[in-house]
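From first to last, the protein sequence lines stand for chains A and B. Residue numbers are given in UniProt numbering: position 139 of the first sequence equals residue 139, and the series is strictly consecutive. Residue numbers are given in UniProt numbering: position 294 of the second sequence equals residue 294, and the series is strictly consecutive.
Heads up, some of the hints might be wrong.
Which copy is meant is left open, so a pair is good if it fits within one copy or across any two.
To be verified - Okay, derived cross-link-like pairs now, DSSO-like style, lysine-lysine, Cα gap no bigger than 30 angstroms in a straight line:
| no. | residue 1 | residue 2 |
| --- | --- | --- |
| 1 | K387 | K340 |
| 2 | K235 | K285 |
| 3 | K197 | K123 |
| 4 | K235 | K197 |
| 5 | K123 | K138 |
| 6 | K301 | K285 |
| 7 | K387 | K301 |
Please keep in mind that the hints were generated in silico from the structure rather than gathered at the bench.
2 protein chains.
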Amino acid sequence: MKLFIVSSLVATAGAWTLSPTRLASFSPTTTSGTSLSALKPGEKVTLIGVAADSGCGKSTFMRRLTNIFGGETVGPLGGGFDGGGWETNTLVSDQTTVICLDDFHANDREGRKLTKLTALNPKENDFDTMYQMLSDLKNGKTISKPIYNHVNGTLDTPETIEPTPIVIVEGLHPMYDSRVRDLLDFSLYLDISDEVKFAWKIQRDMEERGHSLESIQASIEARKPDFDAFIAPQKEFSDLTIQVLPTQLAEDDTKTLRVRMIQKEGVQDFSPCYLFDEGSEIDWKPCGKKLSCSFPGIQFKYGSDTFYGNDVSVIEMDGSFDNLQELVYVESHLSNTATKFYGELTQQMLKLADAPGSDNGTGFFQTLASFKIRELYEKRAAANKAKEKVAA
Amino acid sequence: MKLFIVSSLVATAGAWTLSPTRLASFSPTTTSGTSLSALKPGEKVTLIGVAADSGCGKSTFMRRLTNIFGGETVGPLGGGFDGGGWETNTLVSDQTTVICLDDFHANDREGRKLTKLTALNPKENDFDTMYQMLSDLKNGKTISKPIYNHVNGTLDTPETIEPTPIVIVEGLHPMYDSRVRDLLDFSLYLDISDEVKFAWKIQRDMEERGHSLESIQASIEARKPDFDAFIAPQKEFSDLTIQVLPTQLAEDDTKTLRVRMIQKEGVQDFSPCYLFDEGSEIDWKPCGKKLSCSFPGIQFKYGSDTFYGNDVSVIEMDGSFDNLQELVYVESHLSNTATKFYGELTQQMLKLADAPGSDNGTGFFQTLASFKIRELYEKRAAANKAKEKVAA
Chain A
1 MKLFIVSSLV
11 ATAGAWTLSP
21 TRLASFSPTT
31 TSGTSLSALK
41 PGEKVTLIGV
51 AADSGCGKST
61 FMRRLTNIFG
71 GETVGPLGGG
81 FDGGGWETNT
91 LVSDQTTVIC
101 LDDFHANDRE
111 GRKLTKLTAL
121 NPKENDFDTM
131 YQMLSDLKNG
141 KTISKPIYNH
151 VNGTLDTPET
161 IEPTPIVIVE
171 GLHPMYDSRV
181 RDLLDFSLYL
191 DISDEVKFAW
201 KIQRDMEERG
211 HSLESIQASI
221 EARKPDFDAF
231 IAPQKEFSDL
241 TIQVLPTQLA
251 EDDTKTLRVR
261 MIQKEGVQDF
271 SPCYLFDEGS
281 EIDWKPCGKK
291 LSCSFPGIQF
301 KYGSDTFYGN
311 DVSVIEMDGS
321 FDNLQELVYV
331 ESHLSNTATK
341 FYGELTQQML
351 KLADAPGSDN
361 GTGFFQTLAS
371 FKIRELYEKR
381 AAANKAKEKV
391 AA
Chain B
1 MKLFIVSSLV
11 ATAGAWTLSP
21 TRLASFSPTT
31 TSGTSLSALK
41 PGEKVTLIGV
51 AADSGCGKST
61 FMRRLTNIFG
71 GETVGPLGGG
81 FDGGGWETNT
91 LVSDQTTVIC
101 LDDFHANDRE
111 GRKLTKLTAL
121 NPKENDFDTM
131 YQMLSDLKNG
141 KTISKPIYNH
151 VNGTLDTPET
161 IEPTPIVIVE
171 GLHPMYDSRV
181 RDLLDFSLYL
191 DISDEVKFAW
201 KIQRDMEERG
211 HSLESIQASI
221 EARKPDFDAF
231 IAPQKEFSDL
241 TIQVLPTQLA
251 EDDTKTLRVR
261 MIQKEGVQDF
271 SPCYLFDEGS
281 EIDWKPCGKK
291 LSCSFPGIQF
301 KYGSDTFYGN
311 DVSVIEMDGS
321 FDNLQELVYV
331 ESHLSNTATK
341 FYGELTQQML
351 KLADAPGSDN
361 GTGFFQTLAS
371 FKIRELYEKR
381 AAANKAKEKV
391 AA
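Kindly generate the complete structure, drawing on both the sequences and the hints.
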């Protein structure tokens, strides 16, 4: 594995964990005991699955996603531990609930010490309960879901989850069990390459938590066999994969990222986003006469490919944005972005300009993916409404 | 020099010479004694210079160009030798006159045997007369221009040339003499790489005229020093250069051409054509999901560059068109084409579908260049008209 120098990765890697103590900082107007907009009569739950390892930007992605759906009211269910509530992994916004699949761990931390299995191992996850509860939720039922306490490693008193129009399940295995997988309306996979993952872990665990480089390396190596065996194969089933790789623009550049949005073809209500000309192969360097970019510049690519046996179209961005102008400029050359007005993608990126990755492809494609999910949700909601009308 | 196998170059290299006996086949409605639309009161001559070696596609380019300006009536001045007129190099259409600069050779073929200089050498060309006559023509005067008889190698009785709205001068040295150069409203250079030139010469001189391979090689080698010394440096002054190179899409592919349209920046009334996004750098493979192309496909490129010390933007096409669809498809992604309606470029290419190079970048960029020249002519004519009005 190539060693990354991470001192320059600060801006990208900060605050990427979904620990309850951090949720309070998710929004300027965090609420205690957020009142959810529950399902209206006839309304259905749209269930989105997001697979990713820990420390891979899930929480930032959730922030981007809920921000698009939920407006300003985003926070932990019941106000969270800091807000006087309980220790929870569940995040709620106006019409969205984000459930962490760690809550379906089969054993607590002590239990795993006895089995000597990692949480990556399917045996350490209760897919029967996961399926049953998500199925109930999708059918409009309120559930009483267990909580895995990340601080203590304990399984805590269950919390009540009411169905909301959008429910996102994020964690290690949203697509592992075929029954759970079939419940999903759309699935995503945050695919961080080993080099980048290593750099981010060092950033978080060494610089922020004081772990040693050796212990981080050892922990990554220990996890890798299970990760490759149980987590990575879910990529076959993801409708949209965001892949994060080291840059190809310059050698030994350790801060710039190459990010690829891999979009499965033939998914209902999901028409892949494209650059300039659908179905072609395009390389685009927007920096030139109209825009001057700082080294090493920006390189976009677009084209068809296969990914884990599926036909996909891929948009790739290598490099970082220098300023706002470039964002609008790039946005104007993308089609099928599912935005509702010119510049909405840029506006949304600006709203969360402080979030990690807002100046590169991770933030750009996470935001784009959020718009595509909104579009899919709205199409399904409209189709459902039409069906209800016919029935009535 | 790399040897090209030319058996497959037939379609590209046929009929590329501007000998008078061929002019009769230029149009289905060739006329004897074409009546020219002379200059209207106040109208000015727009003078276009086209530099190129012999056998480099000048006559096909002239055919494309006059077709756009001149409608159906294209033919040799006075009907030419076959039409009962004289042996002439001058081609006329409705509002265009094409003058061959060989007519300003200082000596006849016998004379050059004495000087032992090639016609490429400026000493063998009478730039004083060339300048004086083109200057007179530009000022609306009728001239009596010498004729260089390509068949006999003699200097024949001069012919009368009346000014027309567009006058094109084509030959070896349109941009060599600074006085002549300054008369030009726009200049082009047909830049055929050595490999392609060699293949074309073999096609014409060996297969059609029965010359030996050795004699062709010897003649090219003999011409090369003068060509490099006196002709090639004119590229510095050309506003638009069409460069023809062997393909980069496949190794040992001897029939496919890579053609680059090199457009100078900052030329008055000439805004370079671009692909997708002005000022960016773009690679585009249009063949993919929407279009299936036969091997080796088509590759377009667009970007900025410098060329003989000038800032230029370049559009490149490598490969051949399989069918009409592809043409419209490509046209729709180009901007600043100076067409007057959607698909005009494609329509024009179809009109001359039998002409050499109509399935590749030579025909495509020659046609595009013709539209840009029409645009420039119309802009200058309109400006001149406005000026006349103010004066009156």
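Here's how the hints hold up against the structure:
{"no.": "1", "hint": "K387 / K340", "verdict": "within (25 angstroms within a copy, 48 angstroms between copies)"}
{"no.": "2", "hint": "K235 / K285", "verdict": "both (29 angstroms within a copy, 28 angstroms between copies)"}
{"no.": "3", "hint": "K197 / K123", "verdict": "within (25 angstroms within a copy, 71 angstroms between copies)"}
{"no.": "4", "hint": "K235 / K197", "verdict": "within (17 angstroms within a copy, 52 angstroms between copies)"}
{"no.": "5", "hint": "K123 / K138", "verdict": "within (25 angstroms within a copy, 90 angstroms between copies)"}
{"no.": "6", "hint": "K301 / K285", "verdict": "both (9 angstroms within a copy, 11 angstroms between copies)"}
{"no.": "7", "hint": "K387 / K301", "verdict": "neither (40 angstroms within a copy, 49 angstroms between copies)"}
Violation of the numbered hints given earlier is confined to hint 7; every other hint is satisfied by the structure.
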